[in-house]
Structure formats: C-alpha cells, structure tokens
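*Asks:* Please put together the full structure from these sequences, using the hints given.
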Amino acid sequence: MSRKKHSQSQPALPNQRSKETKVKQLELATVILGLWGTEKQDERLHKGTCLEERRERQNIQKTKAE
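Count along the sequence shown from 1, then add 49; that gives the number in the numbering used here.
Think of the hints as simulated: they come from the structure by calculation, not from any bench. One or more of the hints may lead you astray.
As the list claims (entries may be wrong) - What follows is a set of in silico ranges between Cβ atoms, one per label pair, in the way DEER data are often shown:
| hint | residue 1 | residue 2 | range |
| --- | --- | --- | --- |
| 1 | Arg66 | Leu100 | 47 to 53 Å |
| 2 | Asn108 | Lys68 | 55 to 61 Å |
| 3 | Leu84 | Gln107 | 32 to 38 Å |
| 4 | Thr87 | Lys113 | 37 to 43 Å |
| 5 | Asp91 | Ala114 | 33 to 39 Å |
| 6 | Thr70 | Arg93 | 32 to 38 Å |
| 7 | Gly83 | Ala114 | 27 to 33 Å |
| 8 | Gly97 | Thr70 | 37 to 43 Å |
| 9 | Arg104 | Arg66 | 53 to 59 Å |
| 10 | Gln65 | Gly97 | 46 to 52 Å |
| 11 | Thr98 | Lys68 | 40 to 46 Å |
| 12 | Leu82 | Glu115 | 46 to 52 Å |
| 13 | Cys99 | Ser67 | 43 to 49 Å |
| 14 | Lys71 | Gly97 | 36 to 42 Å |
The structure displayed is predicted, hence computed values, not measured ones. For each residue, glycine too, the CB sits at the ideal point set by N, CA and C.
*Replies:* Rendered as structure tokens:
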C-alpha cells in the first residue's frame with residue numbers, strides 16, 4: 050500500500066523529464082555513433098584509395114619493367 054501511495058503522490062513531471070532526457074541521450078548517442086560510423090567509412094575509403102594507388106604504381110612499375 051505504501052508504495053502505491055508514494056507513486057501516486059509523485060507528480061507526473063519527473064517521469065516526463067526523465068523520458069525527455071532519455072530521448073536526448075539517445076539522439077546524442079545516435080549522432081555520436083553516426084559521426085563515428087562516417088569516420089570509419091572515411092578510413093575505409095582512404096585505405097581503399099591508398100590500395101588503388103599502390104596497385105596503379107605496381108602496374109606502372111610492371112609496364113616499365115617489360
């Protein structure tokens with residue numbers, strides 16, 4: 050009984066606030082993860098371009114050797 054009374058006596062605002070902060074935290078987390086994800090993607094793209102450049106250089110060296 051005392052638990053029910055306690056929960057009923059609390060105003061609805063704290064719950065609303067906690068929900069809002071949770072939403073804000075989730076939004077922030079998704080933004081951070083999104084940025085991190087794009088950073089990783091950029092790294093992969095950069096590695097990819099480096100690999101392509103290396104292959105091109107190797108091809109040029111091969112053609113010069115022939």
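*Asks:* Can you give the numbers of the hints that this structure goes against, from lowest to highest?
*Replies:* 7
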